[in-house]
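Q: Okay, here's what each chain looks like letter by letter:
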Amino acid sequence: MSKYARLVYNSIAETLTYRTNLVVSFGVIAIPFIIAVIFWRGVFFANNSVANYSLKDIITYYFIVLFIQDFTYPALNYDIVMDIKSGRLNLLLIKPVNYFWYAFFLRLGSNIVYFSVVMFFLIIYALVFNQFLLLTPDKIPVFLLSFLLSYILGRLISFFFSIFVLFLENYMGLESFVNFIVPIFSGILLPVNLLPGLLYKISSYLPLRLLVSYPVEMYLGKENLNIGIIYSYFFWIVLFALIDIFVWREGLKKYRAVGG
Amino acid sequence: MDVVITVEHLQKVYKRQQRKSGLHSVIKDFFRRKYTEIKALKDINFTVREGEIVGYIGPNGAGKTTTLKILSGILYPSGGFVNVLGFTPWKRKGDFLKRITLIMGQKNQLWWDLPAMDSFLLFKEIYEVPDDIFKKQISTLLDMLDAGKLVNYPVRYLSMGERMKMEIVGALIHDPDIIFLDEPTIGLDVLSQTAIREFLSTYNKEFQKTVILTSHYMKDIEELSNRVIFIMNGEIIYDGAIDKLISKTLSYEYVEVTFDTSKGFVKKSYKVNKEEIPNFLRKLLSDNSSIVEIKHKKPDLEEVARIIMASNGIKKDE
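Those protein sequences? They're chains A and B, same order as listed.
When we follow this note's numbering, the leftmost residue of the first sequence carries the number 1, and every step to the right adds one.
When we follow this note's numbering, the leftmost residue of the second sequence carries the number 1001, and every step to the right adds one.
Think of the hints as simulated: they come from the structure by calculation, not from any bench.
There could be a bad hint or two in this list.
To be verified - SDA-like cross-link-like pairs, simulated, lysine to any residue; straight-line CA separation at most 20 Å:
1) Lys1091/B / Arg249/A
2) Lys254/A / Glu1037/B
3) Lys253/A / Val1082/B
4) Lys1098/B / Arg88/A
5) Lys1298/B / Asn1233/B
6) Lys1209/B / Asp1143/B
Required output: the full structure, derived from the provided sequences and hints.
A: The structure is reproduced here in structure tokens:
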């Protein structure tokens, strides 16, 4: 077994250790989805469509978001943050392992558990309420390619936010910034196409919409994976890869390696 | 034996925020921060030969752990030259990292919720240890530490002493040439301390590994090393044999005398200037007929360290 396969195995084993914690935390996964469905059903009560989205589109949108957000959403990675703040990073730095890939595969383990649970929800939901989901199998290859690129970009941006903690005494401000800005411009809160004028314009200059909104809109057929978007993905992936390398190198020079 | 660690003019400077109390200072500080430079290491120079066990001691904040962190590649220095096994540590080349290890008494590298064996198997892959060598190394280490039964319990269920044994196994799986030990017995009970100490002593004798050890328990240092480097305020104030440090620092030794009295055997300890010990004994024997036993005892490293720390440096005791 390779070191990364072993890392994924350990991560899954650790995630499955605390059964009650796991059941409760996954039990609440669907709550934002349910709230969004209730809200949008209210909105659609008075309208047949909102900016080219039907109710079915919207419900499907939030369901796919639920499905992919754990992989592509660039939240602070608390494994990395705690490694840095607690000084646990010390014992990883002395190992011949690339920390980006270490953190990536560590996270992949919990991603896999999340994926399995959401898959379970998806099957149940599709069986019970399938009339509310838009099934577009022909869009799946484009969606998967976009999802893969979003996943890579999402991990790179998440790594950037997380290792930025190397420069900070306290990460709460960064955490608030990430938690406030990212949901708006990534499409977690609502499809980016529905953002009002100025916010929509800002979103077009940011890489965040590529992470959640784009893959889902491709599944819905609202966007096409044209060469311009692929260039855009590659531009941001290369840029954040370079930024990560730079921030990591400079950050380690500032690293205090707290604790004995 | 070859020199495996060379440290020349090593310096490490930290910036520390400075702030007075009071609302005015809080507001002023918000707009303009003031920092002071803390020189954690000022001008550190030493070499270590292959197979040596060196005790690296000093008070809290002296710079011991900072030195180990630089030698193991965790921290960048602010200046100076360091060479460990032919490598610059903070470049963290894979070939370098495979030949060193760092054991920190206050940090865990094992996965808390998993059996230690799961962590060992991960380290095996990280260090690319072949299956047969891994099995042999694990079995040797577990036998030496008498810890074979512990590998299948989640780490969080182990006692501190058991956990430290597992940490040591995990840190030595790749058979490193240099072992940096940062307070490996901190917080352990006497039995566990002894077990760890005995293991380290046997391991060094059997495999001739180079060890740099920091500890606040001077017994660790006395039992494991012959050479000690004493660091205070970021500077080395002594580098040499423990015996010489004791004789250099203290001019007295102890004479312990047991008297046979009407109340039974009574022990008394006298602190006597080294040069006056013959005269003291002569006088003692001529004045007392009830002496049963006389023992001559040198001060230990703990006493010496306490005096050096209290007087902020080595001064010949009078």
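Q: All the hints need checking, so say for each whether the structure fits it.
A: Comparing the hints with the structure gives:
1. Lys1091/B / Arg249/A: holds (10 Å)
2. Lys254/A / Glu1037/B: Holds, because 14 Å separates the two Cα atoms, which is no more than 20 Å.
3. Lys253/A / Val1082/B: holds (16 Å)
4. Lys1098/B / Arg88/A: holds (19 Å)
5. Lys1298/B / Asn1233/B: Given that 20 Å is the threshold and the Cα spacing comes to 28 Å, the pair is violated.
6. Lys1209/B / Asp1143/B: holds (18 Å)
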